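As you go down the protein sequences, you meet chains A and B in turn.
Quick note on numbering: the first sequence equals residues 2 to 114 in my numbering.
Quick note on numbering: the second sequence equals residues 21 to 135 in my numbering.
Please keep in mind that the hints were generated in silico from the structure rather than gathered at the bench.
Watch out, some of these pointers could steer you wrong.
[Claimed, not checked] Facing chain B, according to a computed beta carbon distance under 10 Å, are these residues of chain A, among others: (1) D28; (2) F29; (3) Q39; (4) S44; (5) M46; (6) L47; (7) G62; (8) F68; (9) I94; (10) P107.
All values derive from a computational prediction rather than experimental measurement.
Even for Gly, the Cβ is constructed at its ideal location relative to N, Cα and C.
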Amino acid sequence: GAVVSQHPSWVICKSGTSVKIECRSLDFQATTMFWYRQFPKQSLMLMATSNEGSKATYEQGVEKDKFLINHASLTLSTLTVTSAHPEDSSFYICGIYRGETQYFGPGTRLLVL
Amino acid sequence: AQTVTQSQPEMSVQEAETVTLSCTYDTSESDYYLFWYKQPPSRQMILVIRQEAYKQQNATENRFSVNFQKAAKSFSLKISDSQLGDAAMYFCAYLMAGTASKLTFGTGTRLQVTL
């Protein structure tokens with residue numbers, strides 16, 4: 002398998018501020034990481050695929066200037082929600098690709114007031 | 021494009037009994053992987069079982085097994101001797117082989133385990 006951590010697990014912020022979420026691959030050098038968003042009682046929605054050292058590939062409808070993704074090392078990818086608004090409140094999950102399988106972090110709950 | 025369908029939004033099973041969750045998918049690829057993930061109330065996505073499409077033998081992990089029917093594009097999950105800890109949302113997912121491609125998820129099945 003693979004061990005993936007996310008930080009923070011929980012964040013509350015004011016509208017208009019930016020929030021950074023970290024995703025770390027603890028036991029594997031992950032070339033490819035994924036960022037998902039999940040609304041209550043729904044499936045995971047892929048936001049973007051990040052590859053170490055290159056620009057992320059965003060899914061259709063995801064604002065790349067709002068959701069900034071940086072994958073500067075093989076063990077760390079970050080998602081920054083810029084100028085957050087209440088509609089950005091959600092559960093964000095990262096995943097890593099290893100051995101033709103995806104493994105997931107524990108997720109980050111974001112609440113924008 | 022690939023699609024994954026889970027037609028059972030909710031299922032219920034008594035403790036110690038067996039339950040089967042259904043999943044069908046559509047793809048034109050011949051080489052791919054199928055997964056069942058469990059999402060308990062903590063919302064951590066946990067890999068339950070993985071099936072390689074080119075392997076005819078059904079995957080098994082302890083109390084969890086699958087019935088993989090490639091021609092019918094069906095991939096059901098059987099949970100034997102159900103336990104209270106099995107209560108969770110279960111997602112079926114598809115991954116095209118050969119690249120770090122994205123997972124295609126089904127809409128999920130919520131499993132309730134009763135005493």
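We went through each hint and held it up to the structure:
no., hint, verdict
1, D28, "violated, 15 Å"
2, F29, "violated, 13 Å"
3, Q39, "holds, 8 Å"
4, S44, "holds, 5 Å"
5, M46, "holds, 9 Å"
6, L47, "holds, 5 Å"
7, G62, "violated, 14 Å"
8, F68, "violated, 16 Å"
9, I94, "holds, 6 Å"
10, P107, "holds, 5 Å"
Taken one by one, the earlier hints fail for this structure at numbers 1, 2, 7 and 8, listed in ascending order.
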